[in-house]
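**Student:** Chain B is fixed; fit chain P onto it per the hints.
There are 2 protein chains.
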Amino acid sequence: MPKINQNYSKLPGSYLFSDIAKRVDRYKSEHPGNSVISLGIGDVTLPIVPAVTAAMHRATDEMGDAATFRGYGPEQGYEFLRETLAQQQYISRGAPISADEIFISDGAKCDTGNFGELFDVDNTAAVCDPVYPVYVDTNAMAGRAGDFMPDGKWNKICYMPCVKENGFIPELPKEHVDLIYLCYPNNPTGVAITAARLKQWVDYALKTGAIILYDAAYEAFITGDLPHSIYEIEGARACAVEFRSFSKTAGFTGLRCAYTVIPRDLKVGGTSLHAMWSRRQTTKFNGVSYVTQCAAQAACLPEGRSQTMDCIRYYLENAKIIKDGLSKAGYEAFGGENGPYIWLKTPASLTSWEFFDKLLNHAEVVGTPGSGFGPHGEGYFRLTGFGSRKNTIEAVERILTRI
Amino acid sequence: MPKINQNYSKLPGSYLFSDIAKRVDRYKSEHPGNSVISLGIGDVTLPIVPAVTAAMHRATDEMGDAATFRGYGPEQGYEFLRETLAQQQYISRGAPISADEIFISDGAKCDTGNFGELFDVDNTAAVCDPVYPVYVDTNAMAGRAGDFMPDGKWNKICYMPCVKENGFIPELPKEHVDLIYLCYPNNPTGVAITAARLKQWVDYALKTGAIILYDAAYEAFITGDLPHSIYEIEGARACAVEFRSFSKTAGFTGLRCAYTVIPRDLKVGGTSLHAMWSRRQTTKFNGVSYVTQCAAQAACLPEGRSQTMDCIRYYLENAKIIKDGLSKAGYEAFGGENGPYIWLKTPASLTSWEFFDKLLNHAEVVGTPGSGFGPHGEGYFRLTGFGSRKNTIEAVERILTRI
Numbered sequence: 256m257p258k259i260n261q262n263y264s265k266l267p268g269s270y271l272f273s274d275i276a277k278r279v280d281r282y283k284s285e286h287p288g289n290s291v292i293s294l295g296i297g298d299v300t301l302p303i304v305p306a307v308t309a310a311m312h313r314a315t316d317e318m319g320d321a322a323t324f325r326g327y328g329p330e331q332g333y334e335f336l337r338e339t340l341a342q343q344q345y346i347s348r349g350a351p352i353s354a355d356e357i358f359i360s361d362g363a364k365c366d367t368g369n370f371g372e373l374f375d376v377d378n379t380a381a382v383c384d385p386v387y388p389v390y391v392d393t394n395a396m397a398g399r400a401g402d403f404m405p406d407g408k409w410n411k412i413c414y415m416p417c418v419k420e421n422g423f424i425p426e427l428p429k430e431h432v433d434l435i436y437l438c439y440p441n442n443p444t445g446v447a448i449t450a451a452r453l454k455q456w457v458d459y460a461l462k463t464g465a466i467i468l469y470d471a472a473y474e475a476f477i478t479g480d481l482p483h484s485i486y487e488i489e490g491a492r493a494c495a496v497e498f499r500s501f502s503k504t505a506g507f508t509g510l511r512c513a514y515t516v517i518p519r520d521l522k523v524g525g526t527s528l529h530a531m532w533s534r535r536q537t538t539k540f541n542g543v544s545y546v547t548q549c550a551a552q553a554a555c556l557p558e559g560r561s562q563t564m565d566c567i568r569y570y571l572e573n574a575k576i577i578k579d580g581l582s583k584a585g586y587e588a589f590g591g592e593n594g595p596y597i598w599l600k601t602p603a604s605l606t607s608w609e610f611f612d613k614l615l616n617h618a619e620v621v622g623t624p625g626s627g628f629g630p631h632g633e634g635y636f637r638l639t640g641f642g643s644r645k646n647t648i649e650a651v652e653r654i655l656t657r658i
Numbered sequence: 256m257p258k259i260n261q262n263y264s265k266l267p268g269s270y271l272f273s274d275i276a277k278r279v280d281r282y283k284s285e286h287p288g289n290s291v292i293s294l295g296i297g298d299v300t301l302p303i304v305p306a307v308t309a310a311m312h313r314a315t316d317e318m319g320d321a322a323t324f325r326g327y328g329p330e331q332g333y334e335f336l337r338e339t340l341a342q343q344q345y346i347s348r349g350a351p352i353s354a355d356e357i358f359i360s361d362g363a364k365c366d367t368g369n370f371g372e373l374f375d376v377d378n379t380a381a382v383c384d385p386v387y388p389v390y391v392d393t394n395a396m397a398g399r400a401g402d403f404m405p406d407g408k409w410n411k412i413c414y415m416p417c418v419k420e421n422g423f424i425p426e427l428p429k430e431h432v433d434l435i436y437l438c439y440p441n442n443p444t445g446v447a448i449t450a451a452r453l454k455q456w457v458d459y460a461l462k463t464g465a466i467i468l469y470d471a472a473y474e475a476f477i478t479g480d481l482p483h484s485i486y487e488i489e490g491a492r493a494c495a496v497e498f499r500s501f502s503k504t505a506g507f508t509g510l511r512c513a514y515t516v517i518p519r520d521l522k523v524g525g526t527s528l529h530a531m532w533s534r535r536q537t538t539k540f541n542g543v544s545y546v547t548q549c550a551a552q553a554a555c556l557p558e559g560r561s562q563t564m565d566c567i568r569y570y571l572e573n574a575k576i577i578k579d580g581l582s583k584a585g586y587e588a589f590g591g592e593n594g595p596y597i598w599l600k601t602p603a604s605l606t607s608w609e610f611f612d613k614l615l616n617h618a619e620v621v622g623t624p625g626s627g628f629g630p631h632g633e634g635y636f637r638l639t640g641f642g643s644r645k646n647t648i649e650a651v652e653r654i655l656t657r658i
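For the record, the sequence lines run as chains B and P. Quick note, the first sequence lines up with residues 256 to 658 if you use my numbering. Quick note, the second sequence lines up with residues 256 to 658 if you use my numbering.
Pulled out of the complex, with its shape left as it was, chain B reads as follows (with noise of 0.2 Å):
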């Protein structure tokens, strides 16, 4: 009889977004005819944009004739789809990025929790708290999240409070680390990192050797100045991993593209983590979809880009009502600027899930407690600017008129 990985039975379970839906299902059936919305998605809603959907079309008809048709692609994708991202993501801003140095896969939360296979179990990784759940629970599976404590931490997790004290950029650790997991723009706060403060944790891994695994999944949300990629800063080249998405960026969610990007020059003891990955991807990937590699393409040129910003802005208007509507009310609002979610401060010392239950039956709006994020979460509220213009407008009017 196999052994099975007894580190998944260490995984506690994952309630968070089924915790919402059970206490906003009994809410409707107890108030039928009620209206209730949700600025707690995650999830793009506006359509794909129609220089996208074209070059769909295109490529399903090339895939039906066989002068054209493709069969197995390379696993790293398309070299024409890392032509474009290395000159319009990297080049353009400065930051040296080759083709070469590209992977394309199906989505960063795939990319993000595989890329742990490329490390032995013993090493530590530092994450921010609040935190995508899954950095953490990727760790916990392979084995380097030692025990889950009573105190909703990993006894071998580094956990950086991210909290309103220091602008939700955390400190540098005191204690060793390895793996160093950030995300900027930020999910779930909302908010950006500067080159100044980017430079300090470049800096950081170049004196300790550790390893900088960066999630800028959220960068084309970014409007100031701000790196949109951690190449943009002097030295990451030896130190980071960078991990982009299609998703947030052109609607992709329900299409999955993304990347990853590995320096040539990224050694960890003069093993390169390109030609691991390289080895990792081509042994257990086979490639995106021609179709869809075509679609993320498209999304890049000058058409799809100027559709696609487009949507993004819309979102960032979206955000923008929220903050600045309950900002007026007297809430304490974060984020939202830079990305699409904005990190509400629980009014009168409210727990998460006792903001979340108010809003619910007063508002009848909803929204995700911060505490589903990390300790550092609780008082924390999470809204985004994912919803339709009308409903987020109404969601405001009734957050400021109801609570």
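Treat the hints with care, as some may be off.
Calculated pairs, BS3-like style, for lysine-lysine (alpha carbon to alpha carbon, straight line, at most 27 Å) [stated by the list, open to error]:
#1 B:Lys411 <-> B:Lys462
#2 B:Lys258 <-> P:Lys277
#3 P:Lys454 <-> B:Lys258
#4 P:Lys411 <-> B:Lys258
What the hints contain is simulated information worked out from the structure, not anything from laboratory work.
**Tutor:** What follows is chain P alone, placed relative to chain B:
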């Protein structure tokens, strides 16, 4: 500084297909103008059928319309596709599998590779020899294979010889094994398994507590009265996981869709593998493109099924042309009747690579040396039915007249 996963450094280079390409390139540069025909190809060549491209166009239009746009889909796959598969691939063949036991993914390579994550490092995997290299390499990456020895084998893997003397169906292991990889119809030998022989494996697994990882990626090529699924065998629900793919079934190598079946009652020491895989996929995977899932469903519905089966018959007819032609000329040729591969015994005790060179230099035909698939592949050679009819006929003619 992080410690890297040292198992990667134990992996020997993966040179089979690059070595083949190098020799072919050298021959071509020395004989400019000559035409070399490849029967080594392991990829489909016929375009996506009209019923499937029609579904992709429809799904693309849905994604471009706010009223029908879909964001994140269920990680396990859309129910419309899982229901179609349960009914068409399992229930209709008397295999008791329900839709909620099917997990849609982007490739059987990913799934067979990633599935090992559910098990401890300390397990013994058994593989056929010769074998699809992914089973071995992914176990090696996880540290489950031990060390790579001079005889071309990993010292903790149990190799089960598949040679003409046993009809390319391995004997039951004499030593203790935990995880058994079986693939029928087989890559590379092209041979299928009977229900009676498969029943022996199921009974063995039930008796010893081993888990069978059954790769049925080529089931659509079965023409005889043979099991398409391991779940057609009584008892398999309690000991087997099954991997399926649209790659060779419907020409999806460039579109990426596959599925893995895990019965709800399949447990290892009380732990549900279905629950573990569900946790793994919801944490590290974000589902398959909606467009691709619509395409996959269309390939299963009557019109698409009829069109894709025409493609399968085309490849099988190619395989028959190769097998009949070479058999009449005195070659010992196996497989090809229930799978797209023909497994040739090399003539005159030539090694696989000696025969490769002879075929290339004299007949200008390219195949795949059997030794590339494992030590017991030595003295064998793989040809495939995936070429065009014209090239297939000419390649056989060349072999018969020039060798």
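**Student:** Of the numbered hints stated earlier in the document, which are not met by this structure?
**Tutor:** The structure breaks only hint 2.
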